[in-house]
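Student: The lines below spell out each chain.
There are 2 protein chains.
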Amino acid sequence: MSEKLSTQPYKGTRDFYPQEMRLRNWFFGVVRRVLEASAFEEYNGPMLESLALYAAKSGDEIANEQTYHFTDRAGRELAIRPEMTPTVARMVAGKIGELSFPLRWFSIPNMYRYEKPQRGRLREFWQVNVDIFGCDTYEADLECISSAIRVLRAFGADESMFTVHISNRRFFNDAVAAIAGTDAEGCRRISKVIDRRGKVPREVYTGELSALGLDAGQIARLDALYTMDAAGAAALCPQSEGAGELLRLFDMLQKTGLDRYCRFDFGIIRGLDYYTGTVFEVYDNAPENNRAMFGGGRYDNLVGLFVNNAKVSGVGYGMGDVTLENFLRTHGLIPGSLGACRRVLITRFDDVPYQTYLALLDRLLGAGLSASVYLGSKKMGKQLDYALKNGYTHTVTIGSDEAARGVLRLKNLATREETELTPDEALRLLTE
Amino acid sequence: MSEKLSTQPYKGTRDFYPQEMRLRNWFFGVVRRVLEASAFEEYNGPMLESLALYAAKSGDEIANEQTYHFTDRAGRELAIRPEMTPTVARMVAGKIGELSFPLRWFSIPNMYRYEKPQRGRLREFWQVNVDIFGCDTYEADLECISSAIRVLRAFGADESMFTVHISNRRFFNDAVAAIAGTDAEGCRRISKVIDRRGKVPREVYTGELSALGLDAGQIARLDALYTMDAAGAAALCPQSEGAGELLRLFDMLQKTGLDRYCRFDFGIIRGLDYYTGTVFEVYDNAPENNRAMFGGGRYDNLVGLFVNNAKVSGVGYGMGDVTLENFLRTHGLIPGSLGACRRVLITRFDDVPYQTYLALLDRLLGAGLSASVYLGSKKMGKQLDYALKNGYTHTVTIGSDEAARGVLRLKNLATREETELTPDEALRLLTE
Chain A
1 MSEKLSTQPY KGTRDFYPQE MRLRNWFFGV VRRVLEASAF EEYNGPMLES
51 LALYAAKSGD EIANEQTYHF TDRAGRELAI RPEMTPTVAR MVAGKIGELS
101 FPLRWFSIPN MYRYEKPQRG RLREFWQVNV DIFGCDTYEA DLECISSAIR
151 VLRAFGADES MFTVHISNRR FFNDAVAAIA GTDAEGCRRI SKVIDRRGKV
201 PREVYTGELS ALGLDAGQIA RLDALYTMDA AGAAALCPQS EGAGELLRLF
251 DMLQKTGLDR YCRFDFGIIR GLDYYTGTVF EVYDNAPENN RAMFGGGRYD
301 NLVGLFVNNA KVSGVGYGMG DVTLENFLRT HGLIPGSLGA CRRVLITRFD
351 DVPYQTYLAL LDRLLGAGLS ASVYLGSKKM GKQLDYALKN GYTHTVTIGS
401 DEAARGVLRL KNLATREETE LTPDEALRLL TE
Chain B
1 MSEKLSTQPY KGTRDFYPQE MRLRNWFFGV VRRVLEASAF EEYNGPMLES
51 LALYAAKSGD EIANEQTYHF TDRAGRELAI RPEMTPTVAR MVAGKIGELS
101 FPLRWFSIPN MYRYEKPQRG RLREFWQVNV DIFGCDTYEA DLECISSAIR
151 VLRAFGADES MFTVHISNRR FFNDAVAAIA GTDAEGCRRI SKVIDRRGKV
201 PREVYTGELS ALGLDAGQIA RLDALYTMDA AGAAALCPQS EGAGELLRLF
251 DMLQKTGLDR YCRFDFGIIR GLDYYTGTVF EVYDNAPENN RAMFGGGRYD
301 NLVGLFVNNA KVSGVGYGMG DVTLENFLRT HGLIPGSLGA CRRVLITRFD
351 DVPYQTYLAL LDRLLGAGLS ASVYLGSKKM GKQLDYALKN GYTHTVTIGS
401 DEAARGVLRL KNLATREETE LTPDEALRLL TE
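Residue numbers (the working numbering), protein chains in the order written: chain A, 1 to 432; chain B, 1 to 432.
Quick caveat, the hints were computed from the structure, so don't treat them as lab data. Certain hints may be false.
Intra- or inter-copy, both count: the list cannot distinguish identical chains.
Taking lysine-lysine and the DSS-like style, the derived pairs with C-alpha atoms no more than 30 Å apart in a straight line are [claimed, not checked]:
no.: 1; residue 1: Lys4; residue 2: Lys95
no.: 2; residue 1: Lys116; residue 2: Lys199
no.: 3; residue 1: Lys311; residue 2: Lys192
no.: 4; residue 1: Lys11; residue 2: Lys57
no.: 5; residue 1: Lys311; residue 2: Lys378
no.: 6; residue 1: Lys311; residue 2: Lys4
no.: 7; residue 1: Lys192; residue 2: Lys378
no.: 8; residue 1: Lys378; residue 2: Lys95
no.: 9; residue 1: Lys199; residue 2: Lys57
no.: 10; residue 1: Lys199; residue 2: Lys378
no.: 11; residue 1: Lys116; residue 2: Lys311
no.: 12; residue 1: Lys311; residue 2: Lys11
no.: 13; residue 1: Lys311; residue 2: Lys389
no.: 14; residue 1: Lys379; residue 2: Lys255
no.: 15; residue 1: Lys199; residue 2: Lys4
no.: 16; residue 1: Lys389; residue 2: Lys379
no.: 17; residue 1: Lys4; residue 2: Lys116
no.: 18; residue 1: Lys11; residue 2: Lys255
no.: 19; residue 1: Lys95; residue 2: Lys382
no.: 20; residue 1: Lys311; residue 2: Lys379
no.: 21; residue 1: Lys116; residue 2: Lys192
no.: 22; residue 1: Lys192; residue 2: Lys389
no.: 23; residue 1: Lys382; residue 2: Lys199
From a predicted model like this one, the values you see are computed outputs, not experimental measurements.
Please take these sequences and the hints and turn them into a complete structure.
Tutor: Right under this line is the structure:
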């Protein structure tokens, strides 16, 4: 016996057999329908991009650490896309003169990150990317958050299942400055500590803030922000532009009834160097999953990396397939019978001319039914077994006796009822 | 001005802006519908696979030359999939005990090949892969060929636009042996020359065959095969199993009326080391494209690379997106208005509360319409211009006057008709 190849997929990637693929086609189909209904348009770009794209956006270190990259034979440094934003920024920049802004774009690409696989994190994943380009004001932030809520509601999720945590990076900077009363560089250092607040022990957190010159009162004022609502927080620095954005956003969430899905959360930061305005994360409320499922926010002028004097702001979010599927499973939002429709297996006897079956197949397909002829020559029991295991709902049997009389036997596999019918009668019954 | 990144996609890859994406979603949607109707089930696998998979199937040289490959940080030799067959064979092998054969599977993956980009060939492409596993007889070959014809007919193509060229590799071997009258090794060498018949000058072809011991009569008998039909060719070596398969296949094509799309073509070989039975290529009949668009055939027991004592034959084809799109364009088979549906832009005035527009949006979306509120505050002319450029069919306008009277103005952008209506009346009109 020769040595055999492994049947395992590469670490951190998945095989999607038909059963899993039906699930994916269903949930991506729901997402696509909701986004298209609200006038988002789908785009896609290549799986391979210049590595420089990611270095320019995220800094060299992240680009190299998390990204699969290599050099092609012409010496080009390439990366397998670890995210979609640089690609879409490149595409917007490439046709900036022809496009009519604001753009409402989405995509559902697969991407790769070099990570240690764990719950909710894989090396290959798909991500719904939703972006609005070319609207600088809070209405686009609101539309992004609304579209995320629309998508989750379309699956049957309600406010008991998820919460959108919202903050604003401009407000964050102004609040830190107001409390710390120090210069820009001091605030930047303090922000870095605050960013790790939930990830380090309390005494490490307070110790580091003290070392940067904050006293107990200032630390307490920072702490207080985490329990405030948007109005309370905004009152701390009413002159802040970010506070104004927060208030307008929350005011409109309330007026449209979306506030029941949303709360202000000073702890939402999402990476210090990238987002510039509204930021949000959608949390799964289930105790076993209680964490951010996905998020997004406003980032300014990525397009400027490609085009001089361009200024196109963006706001968007990315929703990963792994966390979405976890969420749907946890809350029982996956229907029992995905893509269930009538599907007919035409069973086969060797003593009936094969063209008899193929002619019937043509009629069934022509009538818009899903059907196939059993391929091979096995005993009837095996053919029925095959039909049951492969999602067929009916079988049609024509033995030599039926063939001679121009009839067929139609069997409903759920009720096990079998009836002798003419082909016309069977077609009527199956298409009614 | 700082140095800017290029807006060009990587060589041989494409950006799909919304307009191109609509086209792709349309044509892949047609393919998916046809395949699902005939009970094929969709699967997918990872973009990265072990390089060994391709080396085992195709030989080291091809795997290295045409494949993007690299080593990950754990020392694994990986490849970006250049084709889908090794992945699907691995998946079948991985669940061989649970799956109910014959499998009817399809997939529409993207893949990469390191090629010099040219008409019909790119480095990144998508390929519809259709396979039947676990049926050893001609019925599965017929079903593959039928499904390819069904797909093309669903686009409105007829027999004037394409032809399926069919041969059989077993018959090919037997015919060469019968004419050459030499041993297996001699036949193998002769086959390699025949494989290049159309690609080298005639005198090179005949010279090489002479050098391998064939006389003018034998070369003439080979030539004659290229103008024969299946019955004529099969008569040359009636004992050949391959000839029997060919005859059964063509007999059934004729009985089902599919013969008008098909012809026997001794020149269809498709790589010497891989296919083992029926082989076929679908040709575009347009003079400017006249060449094979895609093809496939029977290959035996790829699953055996993964599992000892497994024997699962396969037959399938792969249809690339680039050639399919060329074909549809050449024959005028792309409808003028792809995905055209009613799409409403709610225009916006600053002196009307924003929630008025958002509440109307909610009603339109709730009624199943596609709609959005204009994001930003531009003059009405700009907003109308935006609607026209972004595929909206209607605008709804509510100024402060209309808001006060509880009405709106609905404009049909095609007819330029504008009517004042209540929201209820507008909804009725838009959803009728």
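Student: Which of the listed hints are not met by the structure?
Tutor: Hint check: 7, 10, 11, 15, 18, 22 and 23 fail, others pass.
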